[in-house]
Structure formats: C-alpha cells, structure tokens
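Sequences listed follow chains A and U, in order.
Under the numbering used here, the first residue of the first sequence carries the number 35, and numbering increases by one thereafter.
Under the numbering used here, the first residue of the second sequence carries the number 4, and numbering increases by one thereafter.
Keep in mind the hints are simulated off the structure, nothing from the lab.
There's no promise every hint is true.
What the hints assert, rightly or not - A short list of chain U residues far from chain A (calculated; beta carbon distances all over 10 Å): (1) D7; (2) T29; (3) R99; (4) D291.
Unchecked claim - Ranges between beta-carbon positions, derived for each pair: (5) S109/U / R296/A: 43 to 51 Å; (6) A157/A / P327/U: 55 to 63 Å; (7) P192/U / A335/A: 48 to 56 Å; (8) N82/A / S184/U: 27 to 35 Å; (9) A306/A / Q186/U: 51 to 59 Å; (10) G154/U / L218/A: 51 to 59 Å; (11) D315/U / D217/A: 41 to 49 Å; (12) P58/A / S109/U: 23 to 31 Å.
C-beta atoms are modelled at their ideal positions from N, C-alpha and C, and glycine is treated no differently.
One-letter residues, chain by chain:
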Amino acid sequence: MATTRISYLDALVQAQIEEMERDPNVILMGEDIAVYGSGDLVERFGSNRIWPMPISEASFTGVGIGAAISGLRPIVDINIASFMYLASDQIVNQAAKLRYMTGGHVQVPIVFRVCMFYGVSIAAQHSDRPYPQFMNVPGLKILCPTTPADIKGLLKSAVRDDDPVIIFEDSKLWTVKGDVSSDLDALVPIGRADVKRVGTDVTVLAIGGAMRAALEAADALAKEGISVEVVDPRTLKPLDFETIIASVVKTGRLVLVENAHRRVNASSEIAAIICEHAFDSLRKPIIRLTAPDVHVPFSPALENAMYPKCDDVVAAVKRML
Amino acid sequence: MTMDRTQQLEAYRRMVRIRRFEEEGTRLFTGGRIPGAYHSSIGQEATIVGACLALRANDSMTGTHRSHGHPIGKGADLRGLMAELMGKETGVCRGRGGSMHLADHSVGIIGESAIVGGGIPLATGVGLSAKVRGTGQVCLCFFGDGAVNQGTFHESLNMASLWKLPVIYLCENNGYAITTSLQSSHGQPSVAARAAAYGLLGVAVDGQDIDAVFDAASQAVTRARGGLGATLIEAKTYRFDEHEVGLVIPGKPYRPAAEVEHYRAERDPIVLFRSKLLASGAAASNLDSIDAEVQEAVVDAVRFAEVSQSPDPKSLYDYLYSRPINQSSWAL
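So here's chain U without its partners, still in its complex pose:
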C-alpha cells in the first residue's frame, strides 16, 4: 500500500517534528533544563511515522523507554510533550512520567514502558479487549531488538497467534541494546523469522524507508482488522545518537564510528524521504514551509513548557488511586 500526496506530506511533517523536537530536547537536556535521562529517537523517524500513519486515530499504541517519537508519530501536540520532559504539571503525564514514559493518552497511547518488553503483554491485552468488545480497533506495539529476548515477547506472540488478536508487533531493530549488539545476543539474527515459530506472519523491512514501513504496517493493520490476527514487523533502523544523550561508554567502542557516520550521511530517513518527494514532483517550497511551521511549533512548545508550573508538592499522592484514600492512613 502506498501513501497519497496528502499522506506523504503529513508523513514528512511528523518525521520533521520528531527530529526538531529531539534536537531541541537534546539541547535543553544538555543545558540542564530537562532532568533525568534523555533517549533520542533521531534516526528512527521513518519506522515510527510509517507505522503510526497506518493506524486510525482511535487505534491504540504501546511504546518503550525511547518514547518521544511515538506520540509525535501518532499526531500528538508538542506542548504537552515538552512540558512533560521538563516535569511540569501541564505535561501529558502531569510531570509524573517524564522522558522514558511520554505516553500521550489523547492520541491512544496506553503506556510507554521503560521495562524492556514490559509493553508487549499490555498491547496484547488491548488487542484482546478490542476483540472481546468488537470495536474493530488495532494496537500497534513498539519494542526494540533487546525486547525480543524477553519472555514476554515469546509468551505474548503465542497468545496473539492462538486467539488471532488485532496487534501489530513492530520491532524497532536499531541493532544495539545499549551496547549489546544483536549479533552477540540473538541466536536467530532475524527477528522476523521468529514469527514462524508462533504461526504468525513475519516481515522484515528497511526501517529507514518510510514507504516500506507504511506498506508493511498497512497490510498488517488490514489483516488485523479483517480477523486474520497479528503480524510481526522487523524494521531495520539505526539510532544516530548514543543510547542516552551524554552517555559516555568506557572502553572500546561497541559500534564502529564509520558505521554511525554511514547511517548519518547515507541513511538519514528524512533526507531519503525528502529526496524521494522532490523526485516525485513535490514542491520544495511546500516542504520548506513544513520545516518552518515545525520549527515554530517546537519553539512554541518550549515556551509553553518553560512558563508552565511545576506540580505542587502537596499533590504528591494525586493519581495514585482512583479516589483519594482515607487521608489519615497516609500520615500513619
């Protein structure tokens, strides 16, 4: 399945939104204005946006610790995301989640799990719920190559196969779980090949090519909505930055500098897509105005986040339970 021109421009817009948001976030984090740890999605934009665009607005998603791209890919407003990164009350999680958990519920994200593989059963359960309730919704489940070696991957894919659940399991295979390469941790180096063991369809695509990801994800969504069950998609992608911004890994480099350079110079998903769009007749001025509009949205989001209030320390217990529990029990 291919995108029409409107979808292509929206895809470009969302990819650039992720890139600019992450660049600005990295700058703010390095300058001490964002607390915690910062895992950037730069380099993985085509995988994220290609998969998200195959969904409907009311479809659900689960993600990972590398969580900033997912909501933007699904269409989230940038203001609440940036405010969350700064720990503000106006953040999408009211400052209780932060960088590794940028779950914007308003666009259908039910959780961004910083426990590797932790979101896979949740997505499977969302699929089960959609099937029980007959809603026709699907769930897109993002996870990394490291998560494939968790038991939850095995157990969940077995259940999804058994009950033909409407779930799209999308592995953002960027080749490294922090410093552990896929080659040094996977007995079966093809993630897609693992699907066969569960009786599922497994597809490997170039994760730097948004058309390839969109096509595979759209077919998976069609199968899921049609009652044919889950699909495992392995999108081969690359993270341009370190596992975390500013992380200094001691000893011998775990990935060659030339490899990083190659991806940055030759395999940048936004550069590749922009060239493709121009070659297919899109006007450069259109793309430039998207760039400018995104730049403005990022500046606006930062401004919004910076003037937003931090949570009141008195609200520490808020959102722990659905209704406040007898207050004296806290004091006790």
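Looking at chain A on its own, in the form it has when it is part of the complex:
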C-alpha cells in the first residue's frame, strides 16, 4: 500500500475525515470547529454531522456521551487540554463509569481530542499536560501518539473502539512529518508500545512532545558510539508493560522523559512498575526527566527552562554509563 509524507496535524485531520466518510454515525463536536483546523467540514458532511459548540465544556462533553450511548460515535474536540478540568465530571463520572455501573448494558464509544499547548507563552491556564490525572481513572483509554502514522492509526482505532478514549495531541509535534499509509483501514492498535529506535546500552522512554528531545539525543549519542533504545508507549492506558520491561531487561538502564509535572506523572508509574517487576535487571537507578512541580510561567525566560531538552537526555544517558 502506498504512503504519503504528511505532518502530524494533517494526519490527524485526514484520519477524522476518513472515519467520518466510512461511518455515518461518526460526528464531530467542539468549539470553533466549523471554522478552524479541519477545512470545509460543514460543506463536506453537513450540519447534522458537524456540531459547533457553545462555550459549555462541562455539558457538551456530556452531550457527546449521551449521543455515544444512543448510537453515535462522537469525536469531541475539547481543544486546549486545560479545558478538560471543566469537562472532567462528565469524563470521569459518566463516560468512564457508565459501562461498569450498568453491568455492561451501556457502552460509550466516544473520542475526546485534547491538545496540549505549551512552551508558547500562554501561561499556566492554557499550558497543562493533564494526562496523569486521567491515568488514575479506570475505564478510560488514553493515547499520546508522537508520529503522523501513529496519530492517524490511533485516532482511527479510537473512533472504532467501543470505550471512551482520550487522545492527548501535542502541539509540539504538529509540524513533525512522516510517512502515513493511504490504506483507509491502517490502524495502530491501542495498548501497544513502539520501539522508535532499536539500541542496546540505555532505554529512553519518551512521552508525547518529549519524543523530539529523545530522538535528537539518540542521534547525537549514536555519533559517540552509544546505542540508545527509544521506546514510545503511544498508549498510556492501558500501558504496554511487556514492551517496556523487555527493553529495560535488555539494556539494564532506563531514562524516562516527559513534559508533565514531576509529581505523580506517567513516569512515576512506569518507574514503580519497573522497580516491582524488573528491579534485578537495573544496572543503574532510573532517571526521570520531567517538568518541575511548578506552574507554567508566562515569561519565555522562565518557561523555556522547564522542559527536558536534548542536552538533558544526553547528560542523563551518559551519567548511566
């Protein structure tokens, strides 16, 4: 099957359009969606499929859930990830729980799209990376793809999945280009990690936008003869521990890189699991590179220093050897 080289953002839009064309029950809901980001959607699908929303995150999220329970497959665009807090009652108390609380009689096939914008001086109320909070909620599936092929394949899988799925897009990856399959049914399975670079000396596991720093570091270290294995979990819930553990068993060293705040983030959980189940394989203590436990400041002078960079990853890997 042919491939085309497109950006992460274009891959996402393409997946959405292809799934809407495939299944008439897929609808799109969100603020400003008739104008931004997705190009002529109303003309293409009609106002019965494209639902521009009033600024009512707490309720339009629930409207999507009600529609999902009763036969549709909504993609709800919550836009900026920090707005999820307004919608979180409906996501946590309804979407995540209804199948369980009804003994499986109700299903909630819904996709929540949220975009993590940060590093662009929009300050603390628009810059969160809140996936760790939602990882603590049973019943949700949480995706955090880093490549065009993955976001396309995972978004398609999410639309076809019968459970509530949250996709955390990362605005830092929008411009990343990559080969994407033209096969309309090319899916990336939910719950499967991917080894982005095969290596033998150190495992670097990176989440979302942190993948850029991880890959740059792997390239730089390769020039010095250091072989880094870069693991992308892609799905944060359920986590593919088999792939992660297998890599750590092979290399004996683990660096975790992510842009969420340090306290109780995805790395905390992964580090705990490795300590519980692969401790004997570790040749050095795990290193976590994360944003610090402080709000995202407005001033670029303060914010730029917050997130792990290529140099930080390089230094961490060298400390381990």
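Model the placement of chain U on the given structure of chain A, informed by the hints.
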C-alpha cells in the same frame, strides 16, 4: 391530553408498584438486607408515572440518585430491580450500580446519575442523537430542584433550545435538596420560569396529580416529536420520607412536621388518583385486584433477589472495558 381507562389502570398499577416496592425495600434496608443508602420515591409516584406514560417503549430516559421509581414508571420488571438493590448478579446492573443507579437498560434508561445534574447533558445528547439519526425518539430527563442550580442545567437547556432537541426536562421539585429548601437556594423560586431565559416553554404542574403531569408531558412529547424542541416541566411534588431512609438530621427540623403530615394525609398521589378513578366509575374490585397482583409481584421480586447469587469476586474487572484488556497489565 387525557388517559383512557386502560391507561388509567396501567398508571394506577405502576404507581402502586413503586409504592409497594419502596415500602418493601425500606423494610429490607432497615433490616440490613439491602446494603448502601436507600433513597425512596414514596410521595413522588404521580410525577414519575405521569411522565413515563407519555412515552413510547423505545423512548429513552435519564434519572437521578432517587432512582427506584423511574424504571418502574417506565415499565421495568421488579425482579432485576430488587436483585440490584441487594447487589446480586441478576440485578439490572449486575450488582455494579445499586440503589442510586437503578438504570434498567431494557426499558430505555441510559443512566441514573448520582451526581446531581450529571444526567442533564446525557439526556440532551440522547436528544441530539435522535435528531441526527432521525429516529423520532424523545428523551425524558428527570432531575430534582437541587439540580436546577447546577451549570449543566443552564448549559444543556441552552443547547436544547438552540438545536430544538427532542428532550423533556422534568424537574421533580420536592422542595428540598437534602435539607436545603428551594426558598433558601433559588433566586428565582419558579423552576418553570427559568425556561423563558433559554427561549423554551416552561410549564408548572401539580406533581401529585397524575392527570396534570400526564397532560403536560404528553404535550411536551408531541412538541418534541414534531420538531418543536424541548420543554421544561416543573412538577411540584413531595418526598414523604427522609432524604435517605434512616438518615438522622441533627438540630432544628429543616421541614415542619406538620408539612410532612399534610402531604402524607392530604396529598398522597395514590390516594388522590384512586378516589378520582372510583368517582369516575372504575370498579373498586379492579383496583383491589391490581393491589393484590402488585403485592404478589413484590414478594416474587424479593424471593428472586434473595435466592440470586452475588457476583463472583473473580468478575471484579468485568464490564470495565468492551473487551478484556491484556490481563497481565492488571497484575502489574
């Protein structure tokens, strides 16, 4: 719109089913045979049944923590409801929902939300889905007077108005959100009046009068099916029991004993409806045989629930996801 005799007898039957079910449930709860918390619908039967009877079998509903009356009003079998209250595998939610979440999917209930106001957006979404799919279905959304002060009420009614969604918003206004009276928590004491702010029709009815509720709900359903959009109905009703069975509220009573007594003695919706039926020529023997039949159904439901199995602890993860997730990830 008025009920014909067959509908009237069915209405009476369902009201009595709620009453007897709740009386028996209260007894079992007090005796320790039902776990958790028990919110009884006694006193609110006319509101529930009057609204439900305006629906078709395939219409949807959402409800509240006071959730036992809603499925019975919609025609549910009592066995699965009682089994659910006892946490049994044969319950309508397989013992995973319980008293505040007695959502019987087989009669169109998509959720009974114990988060106050949490079901209002869901019902709005069911209405949106019916409109998108062109099914002609409507959704009846029950909520209490407390929920009217949640943001979800405001946001959802705005959307329902904007898109003319086929939803009937039915406020079971029993005057108190636990101990907080409507007078002490609503700037606008008329719930129905709030509809005007959203460009919706708002109607207030006597919630103890099943004919009044049925009429208002039927008109709302007709409007909804006809593409004229949503209606807000405020049914003024009263809960005869405490917020939860056995709840002891310290300090000064939040509602006067005389008020409770007045509703129990003068405004019992079943007594009122039975008198009306008799006055309009219904045979007492017919009503008595309905009473007896309901009594038997309740006894049967309790027997069924008591002999049913509890869920197997090994099934803890069942129904969390549509397909079991890689088992090793649980262990990890």
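* Asked: Is the Cβ of T29/U farther than 10 Å from every Cβ of chain A?
  -> Holds, since 23 Å exceeds 10 Å.
- Query: Taking C-beta pairs only, is D7/U more than 10 Å away from all of chain A?
  - Reply: holds, 30 Å
Exercise. Within 41 to 49 Å or not, the Cβ separation of D315/U and D217/A?
Worked result: holds, 42 Å
* Does the Cβ-Cβ separation between A306/A and Q186/U fall within 51 to 59 Å? -> holds, 52 Å
Are G154/U and L218/A spaced within 51 to 59 Å by their CB atoms? violated, 40 Å
query: Was R99/U rightly flagged as not at the interface, with every chain A Cβ beyond 10 Å?
result: violated, 5 Å
Q. Per the hint of 23 to 31 Å, is the separation of the Cβ atoms of P58/A and S109/U within bounds?
A. holds, 27 Å
For this session: Could you say whether the range 48 to 56 Å given as a hint is met by the Cβ separation of P192/U and A335/A?
Result: holds, 54 Å
query: Is the nearest Cβ of chain A still more than 10 Å from the Cβ of D291/U?
result: holds, 36 Å
Per the hint of 27 to 35 Å, is the separation of the Cβ atoms of N82/A and S184/U within bounds? Once the Cβ atoms are compared, 43 Å apart, the range 27 to 35 Å for S184/U and N82/A is violated.
> CB of S109/U to CB of R296/A, is that within 43 to 51 Å?
Replying inline: Given range 43 to 51 Å: holds, Cβ gap about 48 Å.
Discussion item. Verify the CB-CB distance for A157/A and P327/U against the hinted window 55 to 63 Å.
Written reply: violated, 43 Å
In the structure shown, a violation is registered for the earlier hints numbered 3, 6, 8, 10, in ascending order.
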